[in-house]
Amino acid sequence: MEKIFNILKNFVDNIANWLEFIGFIITIITAVKVFVIDGKILDFKKKHLFQVRSKEHIEELEKILSKISKYISDFDNKKIELKNEIKKSEEIAKSIKKKLFKKDNSNTKALIKEAKKIEKLPDDIAKLSLFKKHYHKLLKSNEFNEEIVSDYYVKLSGLITSLTELRKDNAKSINV
Amino acid sequence: MIDGNKISRFILELIKKTKKNEVEWDEADFSPTIPDGNERLVDLAYSSNINDKNFRIYKYNIKHYRDEYEWDWSERIRLELTDNYGNTIYEFPYEYSLYDLYNAVRESTSGINDFIDDFLKS
Chain A
-8 MEKIFNILKN FVDNIANWLE FIGFIITIIT AVKVFVIDGK ILDFKKKHLF QVRSKEHIEE
52 LEKILSKISK YISDFDNKKI ELKNEIKKSE EIAKSIKKKL FKKDNSNTKA LIKEAKKIEK
112 LPDDIAKLSL FKKHYHKLLK SNEFNEEIVS DYYVKLSGLI TSLTELRKDN AKSINV
Chain B
17 MIDGNKISRF ILELIKKTKK NEVEWDEADF SPTIPDGNER LVDLAYSSNI NDKNFRIYKY
77 NIKHYRDEYE WDWSERIRLE LTDNYGNTIY EFPYEYSLYD LYNAVRESTS GINDFIDDFL
137 KS
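As given, the protein sequences belong to chains A and B, one line each in that order.
Residue numbering for the first sequence follows our numbering, beginning at -8 and increasing consecutively.
Residue numbering for the second sequence follows our numbering, beginning at 17 and increasing consecutively.
Simulated from the structure, these hints should not be mistaken for lab results.
Even glycine gets a Cβ: it sits at the ideal position worked out from N, Cα and C.
Misleading hints may appear alongside valid ones.
[As the list claims (entries may be wrong)] Covered stretches of chain B (chain A as the covering partner; in silico rule of three or more C-beta atoms under 8 Å from a C-beta of chain A): (1) 21 to 27; (2) 39 to 52; (3) 99 to 112; (4) 115 to 121.
[Stated by the list, open to error] Only pairs whose alpha carbons sit at most 16 Å apart, straight line, appear in this in silico EDC-like list of lysine to aspartate or glutamate: (5) B:K32 to A:D142; (6) B:K32 to A:D29; (7) A:K61 to B:E123; (8) A:K70 to A:E134.
Start from the sequences, fold in the hints, and give me the full structure.
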């Protein structure tokens, strides 16, 4: 009788051990799934935020691009306006960058970097003090010129095109 | 394959020259051939002869599919190089700056600037 009891006890113990082990595995799988789903939700939220807000940002960038193309045709008289537009585009690009995934933000980062560089450029090196003149000579930096703004225009136009395409791609996965 | 930046620079130069009236555009003699159903021409097409090459620019709508049977019309601008009979030889890749070019072309061909100047003087 005792032998049978021991066999049954061992059997039940074994099953309990197995069930405990299976439960442990299920817990780990669930934890991993929750982690993955959480990541997906965060991705979706970011995508959604970009989709909702980027239209406005892109439209603002388009307006700035048009203004730059207008002012650049009269570069010598519109240096201040051009710098203002570049500054505005930098701020918008910063806002867009926060809503983009790392893999999508290389153009935005490049534009912000370029804008920062341009803002520091003097309008006319000849008018600077001797010290500042040498400083710019040492850094081999140019003065603010039409060529630099043209390059910026090209970068901004490229960014607008890529953001518009990204919006279209996202629209296929989330209906906004 | 032409470098994308080179094309963007070219478009920007065209914008500048159009605004300065160094490049003149007219209504195109030959309408562009638009693929039936998927695209439709919007407004006029304009052409210009620059260094013995013919360029044509126009606005068109293109179907952008959301699903198999659902689509929206999106607006696009196309810049092409054409032969003397209006056949497309080369199509420039799309980029947003083409809108600026198209608007500059429309403004210059409409003669609205001169009209407003004359009107304000009179």
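List, from low to high, the hint numbers that the structure doesn't satisfy. Failing hints, ascending: 2 and 6.
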